[in-house]
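Asker: For the sequence shown, the residue numbers in my numbering are 791 to 1078.
It should be emphasised that the hints constitute simulated quantities derived from the structure, not laboratory data. Every value quoted in this text rests on a predicted model; they were computed, and no experiment measured them. Hints may be right or wrong, so weigh each one.
Simulated DEER-style distance windows between Cβ atoms [claimed, not checked]:
| # | residue 1 | residue 2 | range |
| --- | --- | --- | --- |
| 1 | GLY950 | GLY1005 | 21 to 27 Å |
| 2 | HIS828 | LYS927 | 37 to 43 Å |
| 3 | ARG923 | GLY827 | 21 to 27 Å |
| 4 | ASN850 | LYS924 | 37 to 43 Å |
Each computed BS3-like pair below joins lysine-lysine, with the alpha-carbon atoms no more than 27 Å apart [what the hints assert, rightly or not]:
| # | residue 1 | residue 2 |
| --- | --- | --- |
| 5 | LYS924 | LYS1062 |
| 6 | LYS1062 | LYS927 |
| 7 | LYS1027 | LYS879 |
Beta carbons are placed, not taken as given, at the ideal position from N, Cα and C, and that holds for glycine.
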Amino acid sequence: PGIILALLLPLYTPVWVLLFAAFVATIIGKMIFGGFGHNIFNPALLGYAVVGFTLMGVINNAGGLFNASEVLIDSYAGATPLGALAANKQIDYNILVKPYGDLWTFFIGNYPGALGETGTLAIFFGGLYLVIRKVIKWYTPVIYVGTVFVLSWIIGAISGDGGLWFPAYSVMTGGVMFAAVFMITEPVTTPTNILGKVFFALFLGVLTVLFRFVGSLPEGVGTSLIFMNIFTLPIDKFTGVIRTKRFQKPGGLYFGILSGLVILLALYTLIKAGSIYTAFIPFLGWVI
């Protein structure tokens, strides 16, 4: 989990914190389940989650969520874009984007965040290279990012801003792109068949938006991915039945159940987020 784990953490993370995260990732995240190929959770993500919940104060005191270019130009106060969204509960370009410049700033990665998550441009070309070399499949990242993009666009439209800047902001900030290319394509903790990968990416995209807009944690990616790791095996089994039965019973039933769950979860997310981010339909908050 070494490189991925390092990229999940900020630049000024103390070495001992990184070593502790690596210990958690290797021993608890991997070896305790029987070693490589048997782990339930993504080891790097588990190590990151543990230090994120227990030692984030230490990381912030060591330098905060700056990347190298921000240290050189000293232009930001260190608040992450998603932190601004969580704090203000407003979908406003002047609040979410303007303090950092424009959307191009997010694309090239010149904003506060972890080492790996801020470089959208580099991640894109890295993912393109992996697809060309047939290391990863293209549809898993595309479905995940597309789900986050579409749901964010709908939430923005509900709030009164139907522009494309907000879904672009949602995709380029935080760990969406990094997870899409380097984490949900990991072969051990994600489904193995095509249909399983599709449903996994759909569920993950919806949960990311749900945790990001409704939950107390501004990021949403890590929490949703750890949660979905638990359901990798059931999804694999259900979609495996669907493939072998050619949509006959019980395959068709499983397909309907999974599709219905995705739709219901997406509707729930839109209703809850819509009740928070717009004053036009406050009654939505009473529905669920």
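Asker: Would you mind marking each hint as holding or not holding in the structure?
Answerer: Cross-check of the supplied hints:
Between GLY950 and GLY1005 the CB atoms are about 23 Å apart, so this pair conforms to the stated range of 21 to 27 Å. Range check, HIS828 to LYS927: about 23 Å between beta-carbon atoms, so the 37 to 43 Å window is missed. With their beta carbons about 22 Å apart, ARG923 and GLY827 fall inside the hinted range of 21 to 27 Å. Restraint check, ASN850 to LYS924: a C-beta distance of roughly 40 Å satisfies the suggested window 37 to 43 Å.
For the given pair, LYS924 sits about 39 Å from LYS1062 by alpha-carbon distance, which is inconsistent with the 27 Å threshold. As the CA atoms of LYS1062 and LYS927 are separated by approximately 32 Å, the hinted pair breaks the 27 Å bound. As the CA atoms of LYS1027 and LYS879 are separated by approximately 39 Å, the hinted pair breaks the 27 Å bound.
Comparing the model with each numbered hint stated earlier shows that hints 2, 5, 6, 7 do not hold.
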